[in-house]
Amino acid sequence: MPPWFWIIVVISTCSLFCWYISPERQNKPSKVQIVIAKTWIILRRLICFSGSAFGLFTLYILWEMAESIEYKLTGSIIIIFLSIFFAYVGIVGQGWYQYSISDDFRLYKKIKDKYGIRW
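Here our numbering is used: the sequence shown runs in plain steps of one and ends on residue 119.
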């Protein structure tokens, strides 16, 4: 199978998961929805925390290189910002509005309440 087919399958599957576990969808979730929601959150956190840890590892490699200090500082700022962003997305996720942090926390609270997630 061509790679574009697998990309479409993965994107479609992720979109269906997000739609299925949306807190706006139903009042009381079924057991299947709870399992899928918790699985989705665990996978999201695993991937995002791995990305954040990889960023910190890259920071270590950057400082071991024999480059100029300006290069190291610029790279470090970018890597630290991206690592914090990955950790934030892993914990909270993203709300409906792309640039609203309050929307992220509002949706995160709804999902926690609906599916019984501790953090």
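Among the clues, some could well be false.
Pairs of lysine to aspartate or glutamate, EDC-like flavour, derived with a Cα cap of 16 Å [as the list claims (entries may be wrong)]:
| # | residue 1 | residue 2 |
| --- | --- | --- |
| 1 | LYS112 | GLU64 |
| 2 | LYS28 | ASP104 |
| 3 | LYS110 | GLU24 |
| 4 | LYS31 | ASP103 |
| 5 | LYS38 | ASP103 |
| 6 | LYS28 | ASP113 |
| 7 | LYS112 | GLU24 |
If you're looking for bench data, these hints aren't it; they were derived computationally from the structure.
Results for each hint:
Restraint check: the Cα-Cα separation between LYS112 and GLU64 comes to about 41 Å, which exceeds 16 Å; the hinted pair is violated. Between the alpha carbons of LYS28 and ASP104 the distance comes to roughly 21 Å, so the proposed pair goes past 16 Å and is violated. At most 16 Å may separate the alpha-carbon atoms for a hinted pair to count; LYS110 and GLU24 meet this at roughly 9 Å. Under the criterion of a C-alpha separation no larger than 16 Å, the hint pairing LYS31 with ASP103 is inconsistent with the structure, at around 26 Å.
The hinted pair formed by LYS38 and ASP103 fails the criterion: a straight-line CA distance of about 20 Å is larger than 16 Å. For the hint pairing LYS28 with ASP113, the CA-to-CA distance comes to about 11 Å; that is within 16 Å, so the pair holds. Distance check on the hinted pair: LYS112 and GLU24 sit about 13 Å apart at the alpha-carbon level, within 16 Å; holds.
Figure legend: structure checked against the earlier numbered hints; hints not met, in rising order: 1, 2, 4 and 5.
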